[in-house]
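Visitor: Chains W and V, in that order, give the protein sequences.
Everything in the first sequence is counted per my numbering, starting at 1 for the first residue and increasing by one.
Everything in the second sequence is counted per my numbering, starting at 1001 for the first residue and increasing by one.
Treat the hints as calculated values from the structure; they're not laboratory data.
Nothing here was measured: the structure is a model prediction, and the numbers come from that model.
Each hint should be verified, as a subset may be incorrect.
Said to hold, decoys possible - Simulated coverage check for chain W against chain V, where a stretch passes if three residues somewhere in it have a Cβ under 8 Å from a Cβ of chain V:
no., region
1, 171-185
2, 262-275
3, 493-504
4, 567-580
Glycine residues also receive a C-beta, built at the ideal position from the N, C-alpha and C atoms.
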Amino acid sequence: MTRTPLRPLARILAARAKGENPDVIEKENLRQRHAEIQGQSRQRSEGRLLVLGVFFVCAYALIGTRMGMMATTDPTEPVASASGSAIAAQRADIVDREGRILATNFETHSLYAHPQQLIDAVASATALVKIFPDLDHERLLLDFTGKRKFVWIKKKISPEQKQAVHDIGDPGLLFGPREMRLYPNGSLAAHVLGGASFGKEDVDAAEVIGVAGVERQFDSYLRDPANGADPLQLSLDLTIQAAAERVLYGGMRLMNAKGATSILMDVHTGEVISVVSLPDFDPNERPRPPVSGDASDSPLFNRAVQGVYELGSTFKIFAAAQAIDLGLVNPDTMVDIRGPLRWGRFSIRDFHNYGNSLSVERIIVKSSNIGTARLAQQIGAERQRDFLSRLGMLEPTPFEISEAAGGRPLLPPNWSELSAMTISYGHGLSASPMHLAAGYATIANGGNYISPTILRQNGPQLGPRVMSAEAAAAAREMLRLVVTEGTASFGEVPGYQVGGKTGTADKPKPSGGYYDNKVIATFASMFPAHDPKYVLVVTLDEPSIIAYGEERRTAGWTAVPVAAEMIGRIAPLLGLRPQVEPVPLTGITLTSN
Amino acid sequence: MKTLAYVLSALAVFGLAFWAYRENYTTQQVLKETRSLQRQIGSAQVRLGVLRAEWAYLNRPDRLRELAELNFDSLGLLPLRPNQFGRVDEVAYPQVPLLPITNGVDVSTMAAVEGLNQ
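My request is simple: use the sequences and hints to build the entire structure.
Guide: Okay, here's the thing in structure tokens:
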């Protein structure tokens, strides 16, 4: 590029000769040069913009074309790379702790009709009613001969029924594939499993959704296609669950109870090995929820987690354990139990008169309401509330089935000193048997809170400490004495050293007040008492038997024998050998650590 | 020289075209086989699922209990109870048979014993 000089000599000289200012020429030339440079850079940047613009147009065109292609073509699976078995597009199975199937899927067919394609609508309808007696002939005929273009006949049919329909030979009767949920064990663990039903339905497929229990709680996990080959493993044991259901059913019938529940829980892992609620149902044909009457009369009602009742004297051990933990008393401290204990216009009485004073240990063994209320007075309402809250008694249990969130304990609106006294013997605070099992597991494992779980665990849980190990040990000794000397004498199972506490609470009337002749009998136990491994809670709803010429409803006569029979049946299945109870060493006392 | 290069490159093009043609068809064949295998795997999985469900159904505790009760005469099965636990030293093992005497030795009192027996 030739560079034009800013001050060309010829023009400068000419200008000087004319007497003009030569700087004007320089300025003029400078202006021209700047204009030239500006033009060049403008051209260059316009070029860049053009290139960039073309690039973006091409890129968008490419993406747009690809999107259009993807939208218009039929989807195909990548044949060469798909591993096939990794993705099983069905709901995951549910298995027990040993891997035995509790819920699985089954391929069946649905039956529908295109009435316009039916050759002989009347004959088809008659033949269908012969195969499915529950169909309404009139209704079917009306659907087949009317204006409808599509009629669902059956959602699920068996292979035999499919063949029979096939044999009718009418082209208007069509089958669609259906995946159904199958519970091969029938009503076993029905309340835990819940049940499943169809969500969105189509001719080619239907969505299976969980409606209750773990099916609902873990619905998103079970539906995730990536988990198709990865079953959900529960902590339940099929064999033990079956034995527990059988024993509890027998016990419920013998004790003339209208309902019953039992919970067996591992005290170290929090795993619930068996949870039974009777009456139960078949999850393959889950009944409809009742629209009228008391919800607790329906077989769908899960007494173990939804049945929120005052659990009676079983709560006394918590007051005793807390008083020992706080150092207010020791098991031998004498407590004044002269009654009735008056508090305002309320008076607390004992079932029998146990004299003027009893040691803390005897209060639990004899189940004295007045003695426990005295302990609660010493503890105070604030500390009691805090203790029960750490035991998980004030919130729904974290048990992983969808109904558990509904089992919210009923608390007194104002936790006064009187409330503290009544709660100490199990009145005024309503909780579910699952709450009680978690509380007893805390005593059994040495004072750490355990949250009950339905999922298989790999190791022990170590929850926050609720009470000292010494207080828990003292409470366990008292519970053992209740069985050997106290109200639960029928609970002795040779070889398994059962320790536990009975509780009999009057049922509240819906209109207020309590029934005289309807009780909830509970036995909360742990075994073997010197080194507890399992907690068993058995609750009977409205039991009543005639024994020794008297009508008896208390837990010691009803729930305890059932629990003892259950321990005798399931402890061997748990692999526990019967043991001789270790005797405490004489003459050696632990005074300090 | 130039002609040779032309001929060689033309041959190379033919060869590569033939190779590509064959590869294309082998790929399609393999894809077809894969599809059929995956269909087989799928149906086998469905069958397996049905068999597992049937196994679980036949082994359900209710049915086993009924079978044990029906066949009590021949099987004598009862629920497991605590008193059925035993110790190893309570097990009666069969006696080990004594070795046969193959080379007996005469002893001095033998004649006397035989004499007494007669």
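Visitor: Run every hint past the structure and note whether it holds.
Guide: Here is how each hint holds up against the structure:
no.: 1; hint: 171-185; in the structure: holds (count 3)
no.: 2; hint: 262-275; in the structure: violated (count 0)
no.: 3; hint: 493-504; in the structure: holds (count 4)
no.: 4; hint: 567-580; in the structure: holds (count 7)
Checked against the numbered hints listed earlier, the structure breaks hint 2 alone; every other hint is satisfied.
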